[in-house]
Amino acid sequence: MYRFLLTPRWLGIHLFVLLAIPFCLYMGSWQLGRFEGRMDNHRTATERTETNRTAAARPLASLLPVSTDTSGERATATGRYGKQLLVPNRDLDGRDGFYVVTLLEVDGTGKALPVVRGWLPGTASAAKAPAPPTGEVTVTGALQASESQGSNGVTAAGGLPTGQLGMISAASLVNLVPYDVYDAWVTLDKADGSMTAVPATAPQGSGLDLKAFQNLGYTGEWFVFAGFVVFMWFRLVRREAETIRDAELGLGAPEEQGAAQAS
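Residue 35 is where the sequence shown starts when you use my numbering, and the numbers rise one by one after that.
These are computed hints drawn from the structure, not numbers from a lab. Being a predicted model, the structure only gives us computed values, none of them experimental. Some clues are possibly wrong.
What the hints assert, rightly or not - The calculated lysine-lysine pairs, modelled on BS3-like cross-linking and capped at a C-alpha distance of 27 Å, are:
1. 224 to 162
2. 162 to 117
3. 245 to 117
4. 117 to 145
5. 145 to 245
What the hints assert, rightly or not - Label-pair distances were calculated between CB atoms; the ranges are:
6. 213 to 81: 33 to 41 Å
7. 223 to 67: 36 to 44 Å
8. 264 to 208: 25 to 33 Å
Think of the CB as a built atom: it goes at the ideal place given N, C-alpha and C, for glycine as much as any other residue.
Throw the hints in and build the complete structure from the sequences for me.
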């Protein structure tokens, strides 16, 4: 009854199955490795962020450009505060509020550094935000890379009221201030006035983000595909064997009986 398994058509099916199963298992293992790699990166970045909180501050210039190694490190810079902007729709400890960002014109550079001086609850309002200190100041805080869309209220969409900013980045600030802006920003260790300090975050791409869980989902899909290939092979074999058996018993259509005799 199972002589049909040696026909050219079925030999082609066997070859496909023998190639498809290891391919699916390989792809599933590769996606799992990608997920585990992101887990390791997240753990390393989190540990580095915790360590950096107590490390000595270093001059801003020595930490630029921002990388996964320097993101979160404590930086220090001296200059004078200039334009102030508010960043709405930022959550902190489960509460909605806004960041107060002031541009620090760094001495001797002709460039400005966005400094998050703190967070306030509620709707963004210039009346709530304390004015920045006057004169020369030295700031110390965690260095962060420019933001990108997709996390904690970050948005590149326009339409915000004058004096508000959706994303802390050089690209979004270039048309709002009359000087060059560093492709980085600093969140102060100790917030000014009655504001709450904004904690540093791990570098983007090093956390358990959507991409990490996509890798985990793809892992499951590839292993399911491997099981599905095996299931379909057994199902096709059983169906073919039942068709031949029925034809031999005279229960099938004439063409099926002819196929059974040919087998």
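Going down the list of hints, with the structure as the test:
no. : hint                   : result
1   : 224 to 162             : holds, 18 Å
2   : 162 to 117             : holds, 16 Å
3   : 245 to 117             : violated, 36 Å
4   : 117 to 145             : holds, 13 Å
5   : 145 to 245             : violated, 35 Å
6   : 213 to 81: 33 to 41 Å  : holds, 36 Å
7   : 223 to 67: 36 to 44 Å  : holds, 38 Å
8   : 264 to 208: 25 to 33 Å : violated, 57 Å
Violated hints for the displayed structure, listed by number in ascending order: 3, 5 and 8.
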